[in-house]
Structures are given as C-alpha cells and as structure tokens.
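Residues per chain, in single letters:
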Amino acid sequence: MTTTTTSSWTKRHILSLETFTAEEYETLLETADSFREVLSRRTKKVPALQAQVVANLFFEPSTRTRSSFELAAKRLSADTLNFAGSSSSLTKGETILDTAKTYVAMGANILVIRHRQAGVPHTIAAEMDRLEGNVSVFNAGDGQHEHPSQALLDLFTLYQLLSPSSPHQFLQGKKIAIVGDILHSRVARSNLYSLTTMGATVHLAAPPTLLPREFQEFLGEKLVCHWQVEPALTDADFIMTLRLQKERMSEHLLPSLREYHQQFGITRDRVLLAHPHVKILHPGPVNRGVEISSDLMDDPELSLISQQVTSGVAVRMALLYLIGTSD
Amino acid sequence: MTTTTTSSWTKRHILSLETFTAEEYETLLETADSFREVLSRRTKKVPALQAQVVANLFFEPSTRTRSSFELAAKRLSADTLNFAGSSSSLTKGETILDTAKTYVAMGANILVIRHRQAGVPHTIAAEMDRLEGNVSVFNAGDGQHEHPSQALLDLFTLYQLLSPSSPHQFLQGKKIAIVGDILHSRVARSNLYSLTTMGATVHLAAPPTLLPREFQEFLGEKLVCHWQVEPALTDADFIMTLRLQKERMSEHLLPSLREYHQQFGITRDRVLLAHPHVKILHPGPVNRGVEISSDLMDDPELSLISQQVTSGVAVRMALLYLIGTSD
Amino acid sequence: MTTTTTSSWTKRHILSLETFTAEEYETLLETADSFREVLSRRTKKVPALQAQVVANLFFEPSTRTRSSFELAAKRLSADTLNFAGSSSSLTKGETILDTAKTYVAMGANILVIRHRQAGVPHTIAAEMDRLEGNVSVFNAGDGQHEHPSQALLDLFTLYQLLSPSSPHQFLQGKKIAIVGDILHSRVARSNLYSLTTMGATVHLAAPPTLLPREFQEFLGEKLVCHWQVEPALTDADFIMTLRLQKERMSEHLLPSLREYHQQFGITRDRVLLAHPHVKILHPGPVNRGVEISSDLMDDPELSLISQQVTSGVAVRMALLYLIGTSD
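As they're listed, the protein sequences go chains A, B and C.
Its first residue numbered 1, the first sequence is counted upward by one per residue in this note's numbering.
Its first residue numbered 1001, the second sequence is counted upward by one per residue in this note's numbering.
Its first residue numbered 2001, the third sequence is counted upward by one per residue in this note's numbering.
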C-alpha cells in the first residue's frame, strides 16, 4: 500500500459522483488497485481501520451489497454492525436521523446507508458535519438518485481490463452503451458522471417511457440518447445493461418482459453489432432472459459480471479506507 | 484497567437491580469508567474476553440494544452469536430453555436474553446454576419487570456528568423526576432501585392508569408519586422520560397521544419549573412530540440522550467483563 | 494438531456420505478429536483458515445449524458472511447458482448451503468444479436427501462416548435403533451410511407410511426394518430419535401427535427393553412429549442431546479444516 496516492483525498463522505473530480477518480482507481493486490495475497487483511466501526444501515434490503460492504470492512479489520430496516425501531416511531445518531453515539465511525428515498444519505451527512463528530457517510444507494460505489466498481472493472499505463482519461475514445431503465436507475445516473469524466462517450438506449428526451441535456456532447438499442450497440466497446424492476410493468411503463427483451434485450445477434472485443456488464442480480440472454451472461469471453462483484470488494475497501483515514 | 475494583464482584448473572448493593453499583461505575477511557483511545479493544462466546438471544426484537451488546462484546474481543426470535426454531416447538441450552452446548459463555415475559432470564439462570456449567445470564429486558443495563447506563451517564470524587452516594440530595408509563416500564422499575440506592429522591409522574397508588409503598420515603407532571418537575435535577407504547391507547389506558403530550409531555415551558441546570434523559427510541417536544430532544444543553447511548457500550462492556471474569 | 491424519484427505466438497470411505470417517473422527481438544483449552481459536471466507447460504432457515457453522468458522479464524433466503435477491429473479457465484466472486472460499430441494449443493459443487476456482461446497441439509455434518456429529458423539483405541470399525457389534419419520429424514439417510460403514447394525422403526418396504433393500444385511418400535429397541446400544415434522399430519401420513407418541414415542418403559447402558440421541429441536418423553430428554444418564450439539462445533471445524486446507 502506498500512501502517497491518498494524501490528496479531501472527501469525508461518499454521497454522489456529481462532484467527483478526475483526480479523485484517479486516486480511487490507484487505491483500489493496491487493495486488489492485497486480496490476491494469502493474508487478505490489512489493519487500516482497526478498532473502527462500520455500521451498515440498510433501510432497503440488499443482501449482496451489504455482504460486499461487510467483507470490505472486515478485510480492513474494522468491526461491523448491521441494521436492517425491517427489524428496526423505525416501526416504533424513531426518525432515520435518530437511528443514525444512535449508531454514532455507540461508536460508529462510518455509516453505510441504503434508503429508497433519494437524498437520505445527504441529509444525514449534513447533520453529521453540523455535529462535528468526524463521522463519514457512505451512500449505498438512495432511491433513484445515485449509487456511487456501484459506478466506481464498474469503472475499476474497466480499468483492470484495459490496464492503461495511467488512469488519466483512460476511457478516451471508448464508446459505452447503457441499455435499460435509465430513468429509474441510480446506477446509470452515477455511471454517467464517472464514465464521461474519464473520457468515454456514453450512448443510452431505452424505450421513451424509460428515457425522457430531457436526458439528452444532462451531460452535453459526451451523451447520446437512442430509443432503439441497435445504434447504441454499434461499435460499442462496452455494453452496460441495467436491472429491470418488474414494478415497471404494473406502472404501465412497459408492455411485458418478453416484449422488452425482444426490443432491448442483449442477444448474441445484437452483440455482433458491437466492437469485436466488446464486454458486457450488469450490476446484478440479473433477470436471465430479460435484460440479457442467459447464454451471454455465462460466456466468460463476453461477461464481466463476476469481475464486477470482485471489483466491488476492492473498490469498497478503497473508499472506506480513503474516508476512514482522511482527517 | 485496574483489577482491584473487581476483586469483590460475586454476581454470576445480571438479572435484576433489586438485589444490587451500593458496593456493586460503585464497582460497576468505576469499571465502566475505565472502559470509557478505553473507548477514547485509538485502539478501542481489550482482550479481556478473548475466545469467549456471547450469545444474544433476542426473543423480542430490538436492533439498537442488540447492536450495543454486540459492540460491547466485540470490544472485549469476544465472539458473538445472534439469535432472533422470528427466525428461530421456537416456531418448531422447542422451549426457550432448550434454545438456551443449545447455545451453551455450542460453547456460549454468556447468554444475553431479551424476552417479553417477565422472569425468563431468571428461569434460565436457575437452570444454568443447576447444571454447574459456569454460564452467565444477562437480562436485556424481560417483560415489564427489569432492564438492568438500561438503568445502569442511566446511572453511569449521571455519574459521568456530575463527576464526583467518589461514587459513594453520589446522588445524595438530587431530585430525579421519572415521567411516563411507570406501570409498564421495566426501565423505570430498574431505575427506582439504582437511583434511590445511590441517594437520590425519585418523583414519579403519570396518569393514575399508568401509576397505581400501590406504587407509593414500593420504596418508602425515597419515592414520591404524582398524578400531575408539574410537582415532579419542580426543582428537579434530572428528568427521565419513558417511552410511551402506542398499545396503551388500544388498551384504553390513555385517551390520545396528543392529550398525553398536553398533560405529561416535557416542553420548554415545563422545563422552566426544574433546576436551572436540569438535564433530560430518555431510553430511546423517542416518539418525538409525545414524551418530549422535538426541539428539547435536540438541544445539547438539555438532552443527555446521545450520552446515554455512548454510556451503554461502556456499561455493557463493564458488566460483561465483571460476570465473564468472575469465578 | 497433527497434520499426518489429514494428508490423505482428497474431498473438496462435503455433499453426501454415500461415497465416504471407512478411511475418511476415521480421518474425520481423529481430526474432530483434536479440535475437541482445542475447544477445551482456554484459547479456543486456531489460525487454520485465517483470511478465508465461509459464506453461509441458508435458503431454508435454521438458526441453530447456522450458529454452529458460524462458530466453527470463527474458531478457525475464518471470516463469515451470512445469507438468509428470506431477505435475499432470489425474490428478485436471480437463480441460486447466480447467488452462489456472486459470493464466490466476492471472495468466499467455502459455501455452506442449506436448501429444501435435494441436490442443490451438488449442482453448485459441479459448477464450481467446472469453473476451477478451488471453491468448496458444504451441504448443510438438502431437502430429504442428506445432512452429512449432522450424521458425522452423531458418529463423533458415539466415538467420544465409547472412546475406542482406534476408530477402525468402532461400532462393530453395536445395535442402533433409528425411530421416527425415516422416509422424510435427511438425517436418517446420512446416518445409515456412516453407522453401517463403521460396523453397526441399524434397526429402523416407523409406521409403514413413514418407512416404505423398499427401504429394506437400501443397505442389505446391516439394516433391519420394523413397523413397531419394540423389536428395534430390544437390546439396542443406542436409540436415535428423529424430529417429527408437524406437516406430516396435514399430509395424512400420521393420525395425531398423541397417537404417534403412544405407538413410537421413546418412554421410560420402552427404554427398559434396550441395553442397560443405552443412550438416546436426537438431532434437535425436540418436540417434547412427541418423539421422546420430556423427562428422558433431561436425564443426563440417558440423553446425549447436549453432547451432540457440542460435537457439532468440533465436527464442523474438522470438516471445514479438511476441505479448506486440501488442495
């Protein structure tokens, strides 16, 4: 572990990628890389956060994401506390902010927060700053707003694959297609910031109900919107598929899963439109045969899904380390 | 850590404060004080209970209390096992005693038990003593009976605030008001023992349905009952508010939350009746605007709620340490 | 810890006892014995699986079995991750195999799997072998098929009690009665393999609806079926009772719990038929007064139930150690 890369880190919280600078992405990638190296050793632990407490406050359930944060914290030698919304005292009338403050009063140094309402982590972070308790807040997904660590693990997965000599603008010249329910996806929103900042051009593809025309203005020339999948895939270097929430059907935003797959599903035929070395990403869990045909998902030549999960632990270690050791 | 203070400790179990002696309160306060000092260090762990197993058997759910016990155990280097009533084999027909014995047979040294029936921890402790397995039982709340560690963290919070030269009778001359559903509160019951033993005079205030006249005989001259809140608050040094269970309404013991707040809620006006340096405690989670007005709860000059949570970890470390290292 | 005993271990997975050899049983018993000795020390931990990750994937809930695996893993210094079916992403459309792969991609080295469908652990193990990731799968109960670690802890409990000079055929000449719902019991199925391989003769007793005539052909001369309990108990050295699932009543396989107890329940009168030193086992949790009368269960001269639970931790440590350190 080099510490030189982290001396410039100033963020106490990980809330949103909207304000991430190119330098911060670069520091994160280099730090994650060194943790990836730690994970390949026989002894996979470092004492970086020894005696610190990471509290996972998941007001919206997610076993796989909580496990990833939990393992990242344990490998930094932190202690972890888990709070799940369902078994909580929230049903007893306490506010979310009260719950957060309770865990801080117990000794939590980092609060990892998932909530289905956008902005909850920001509100808690603002209160923590006001109280000057040196507590960090880590947004693990807030409503349809952002999911920074998911986008950063996607970025790190590409970084590992491309293995550039420097992280600086390492996606320059790359075309990345993001396909699916853009409108409701916090993963897509976070990815737009990170991918374009690192130099990529992003092509979004979705039915008009899931990709309103206003989206085009979001990030200017680095962003292109399509209401058909084919132009987004053509010559793409990477295809990012998004998870389709089945609730969209009951909201009449989509006719049927079958029809969605016919129009926007990633199939072997459609992959032929892309760059010969194209790779496919998905934040998981996958609805097999909906967002992507089942055989593509299992094709190690095409799918980066497993690498994304592995990157998740390294990236979360890096982020916890950066916010947990900055002043 | 000094061990001299603990040489006199003889209790194997923490079941009730009814039998706690003044000396035991003093030992506990001094031990908690030294753990409070441990928690302020950079390395917050001590190896006191290394390789011991603390099993949290919560037959009644409580995330915040379980987390506090879990963190206390981890900071003593114990391993923890969590059992939650809902996912239990109790639904399969096993008795509570069988569950407790199973965890002991696995290797648990300390059973932390919460159950909505009064007396369950005592029954389990009696069986453990009969089996001579050197196992400790810790009552984390049994029905409407007792919640010793909550009362002890209240006591420790006052001890820290007053910072007396000795814990001996350190509440002598203090007036403490306890306001709310006294009848159903295990927290109030435990506090009556600890506060009066340490010298305080306790004034209880509640509607007659929640504070029967028989209560007066409970502890004699150290205890005064009121069916209005104002005389209890007048010149009080500390105000302890109790959580109001919403079930009380459906049981027709209370007309409405609004009316309760009007008659017994702690408001800024009512606080003016108390001693100028009065502080407010609440075991949490708070029903904001019911037991206490929301702005008082957030006023750091008045509220000790956050300190209570912090004290909870130190007090539970001390208690686990005392029972886990006695013979 | 001697390592000589384990040099011959070749199994990567613990899926079924059907293919266990006598040598493997002997290695397991000797390894569990050395861990039993570790557990009797003041410091109960060994660094054998340090930095390894054991993921408990319990698609079917079982608090006691999960706690036993969790404690075994912690005492080998492994990190643990818990996944419970109910809070899972399975409801989101992911396959079980996808879930398993996700935990492996995060870094899990051993997957402990419980599922109500027979064969799930085998399917996952086959996929893990195909992927050549050096991951072990441990069947913690699959449908009505097998529950290897339960049968092995039964075997180890008998081994400890009999304390033979060598584990070789140490049950030779012993009569063991297994009483209860044989047809649906994965515990019984696994025990048939282990007990007969180690030399015992096994007598099964159950109503015809729960013990079909075809069972007789299962293991030849080492196995005798009875549709009454008395001949099975006569001169038995050990009585293994099985848990009766209450669902059997609604499936019309049993008239009533009371009638079952009258016909097949282990009572003090029936125990008189057995060998004077007979001991009783039960995998737990017990339906008191159904499979066994309540007083027998609590009689330390007769019941091995508590020892079985203790053996469980040592046996699971041994199995995790053997599969976690083999190449």
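None of these hints come from the bench; they were simulated from the model.
One should not assume that every hint holds.
Pairs of lysine-lysine, DSBU-like flavour, derived with a Cα cap of 35 Å [as the list claims (entries may be wrong)]: (1) K1045(B) - K2044(C); (2) K45(A) - K2045(C); (3) K1222(B) - K1011(B); (4) K246(A) - K222(A); (5) K2279(C) - K44(A); (6) K1011(B) - K2044(C); (7) K1044(B) - K45(A); (8) K246(A) - K174(A); (9) K1011(B) - K44(A); (10) K45(A) - K2222(C); (11) K1044(B) - K44(A); (12) K1222(B) - K11(A); (13) K1044(B) - K2044(C); (14) K1045(B) - K45(A).
Numbers of unmet hints, in rising order: 5, 9, 10, 12
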